[in-house]
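Here the structure of chain S is known, so what remains is to put chain H in place on it, guided by the hints.
There are 2 protein chains.
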Amino acid sequence: MSETSFSSTSLSIRAAELDAADELGKLRERFRLPEGVVYLDGNSLGALPAGVPGRVADVVSREWGELLIRSWDESGWWTAPERIGDRIAPLVGAAPGRVVVGDSTSVNLFKALVGAARLAAGRGDAGRTELLVDATTFPTDGYIAQSAARMTGLTLVPVEPADLPAALGPRTAVVLMNHVDYRSGRLHDLPGLTAAVQAAGGLAVWDLCHSAGALPVGLDEHRVDLAVGCTYKYLNGGPGSPAYLYIAERHQDAFDSPLPGWNSHAEPFAMAPGYVPAEGAVRGRVGTPDILSMLALEAALEVWEGVSIEAVRAKSLALTDFFLECVAAYLPAGRVEPVTPAGHAERGSQVALRCPDAKRLMTELIARGVIGDFRHPDVLRFGFTPLYVGFADVERAARVLGHVSG
Amino acid sequence: MSETSFSSTSLSIRAAELDAADELGKLRERFRLPEGVVYLDGNSLGALPAGVPGRVADVVSREWGELLIRSWDESGWWTAPERIGDRIAPLVGAAPGRVVVGDSTSVNLFKALVGAARLAAGRGDAGRTELLVDATTFPTDGYIAQSAARMTGLTLVPVEPADLPAALGPRTAVVLMNHVDYRSGRLHDLPGLTAAVQAAGGLAVWDLCHSAGALPVGLDEHRVDLAVGCTYKYLNGGPGSPAYLYIAERHQDAFDSPLPGWNSHAEPFAMAPGYVPAEGAVRGRVGTPDILSMLALEAALEVWEGVSIEAVRAKSLALTDFFLECVAAYLPAGRVEPVTPAGHAERGSQVALRCPDAKRLMTELIARGVIGDFRHPDVLRFGFTPLYVGFADVERAARVLGHVSG
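Chains as they are written, first to last, in my numbering: chain S, 1359 to 1764; chain H, 1359 to 1764.
Just so you know, not all the hints are guaranteed correct.
Heads up, the list lumps identical chains together, so a pair's fine if it works in one copy or across two of them.
When the alpha-carbon atoms are kept at most 20 Å apart in a straight line, the in silico EDC-like pairs for lysine to aspartate or glutamate are as follows [as the list claims (entries may be wrong)]:
1. Lys1384 - Asp1731
2. Lys1717 - Glu1432
3. Lys1717 - Asp1431
4. Lys1717 - Glu1625
5. Lys1717 - Asp1736
6. Lys1384 - Glu1663
7. Lys1717 - Glu1660
Read the hints as simulated data drawn from the structure, not as lab findings.
Source: prediction; values computed, not measured.
Okay, chain S solo, but in the shape it has when bound (with noise of 0.2 Å):
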């Protein structure tokens, strides 16, 4: 027996174990995946929830096509929005009135930038010019930061993340960071930044896409400033599910949107000439929400009923660190270099290997039923979901990752 099938052997032993131990792992059945699959890419696209198809043939054949539109009043679709924001929030750790959903990320960050800026702008001192945005971030962020930027008169700076609290002071207007990085997987601090942030008199904007659903967020706690997230990676709303927009309850009456939509309107249906803003986190609406996807994601997020996030943090953390052991009893040294940092307090909930032939080992992977994602031009990118995710899982995955890598 080789050395490799003796730590195959035992490495199994204790994923099986582990799996036993889980007081999560009978949530995988609330989920719908595909047989003989090991699905590591749930921070691109989230599995599906059991309740979600039989919920949406409801709304398309009962509320749309029977109710019709008496729908926008009986089945609850006008105030979808601020409802299912007041489901996402116990997750990011924000108190009702906080959230709302409805359009894209990017749409939420154009909001919430202007938003910020005029925030800003509102205390008087005319010295703040610069909005700074992390420079590694995703890059939806940055082309609307530089939007966002052109658009309000601030002066876009791109920092690395190391160097922000170098960078901040007099001239800080706003800040954009994302709590995790979308390719190395990196958890940035989040209080520490966001005080920092403050104490340079600047207002904090956080990217949730990649730490919502997977990990603590304290929102409320940490006194972020105003914060955005997408629900498709996470919090399993299907694809291209809306986003949603956090806006700290001190700034709710001096919001003041870039999208005065008549859904934010504090009177819609007067259909008056001059816009009033509604009050609370309403106030980020926009058009008409687009309500079958809206709902599908009300579906989905019943999963997570009765789980906590702090359980989901404690075994995303323990999925990720077998993982690591796992691709290090499996992979000659040297062979894959982590970029995901070791410590937990830095770690989301991925775990990203550099590898020079990265495209092609994610395309064998993918075809022996492993699935992540390769991130241009060198990295395999893999996400654990810890809702349905289990340990025999991610020791498969770290098994065929050192076949096809041999």
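Frame of chain S; chain H shown alone:
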């Protein structure tokens, strides 16, 4: 036999004859409509096309649930915004590559108006400082125009549609108009007003929410600059289904979106820090497209197979003519006042009737299975979707209105 019942019999016979001769009558089979209902609110939420429930179920259970992330390529999700745009294009008189689907109407209005303001600025005439907007338009248009004006340095000038030609001049940068007024049902002269705006040196932006799918628009033919529209009214895409943006071919290379999300990048998966816009209408994309709603819309558009928009327009005018005739026969003179113009050239696909007790009357109509809607403060609004509304429906609606208003 009273005069009313005599005329009722006569109009019922006329309705049956008109339905028998209606070449579009068989299209009703392409929809699922509740039994016993006359649905005259398709200008608010179109009815459910029969092919949608099955298609949505397949998207949810197979494309999302089984294929998961692979569906972005294999199921054609990624290219859906431009593919569905090309499907809508012939209905609004546009060539392929000029329409892109996604986001709400309000968000597309913002893109179109800021884009138009930048095109205007690019012409180098600093004296063009005004954004003119129809003062009677759907409120979101006015609110978004106000925001676009504020963020581009233009001055918003609300104008009554009748006063628009006189308001045009050397200060005109951009003009936003509604093709059909949402309240009165008045059809504006798109070719004539577009030409007048352009003759004055401005750019013409049209909101097609209440015309697309009900009558020919001719965007390319009439050299419209930019246009937006929703898809949940006469295009039957479902509640809050994604809207669309039209960019005239001559403006595409210079179109400069205020929402340059990663989906509008020339190479979105390069995830490059610098923004380089894609070519064509794709430049109007923003974030990840909302796939469930978008593919429901795509399935809904199949009802247009073999249908000409000219035939739809002819039937629409016949339906509204017949409705006005029935209302005149069944209600005492002066009981309701038609707000929609009598002339075909000025009439959309709806009839608005004003009366002081409109709110109560609409409640009673709906209780009797005749669904229209009420618009504050005193308007009964009836929309006529020629694909599924017949002449017997029209006669019944007017007859029931006669009863409840008697």
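Violated hints, by number in ascending order, as checked against the structure: 1, 7
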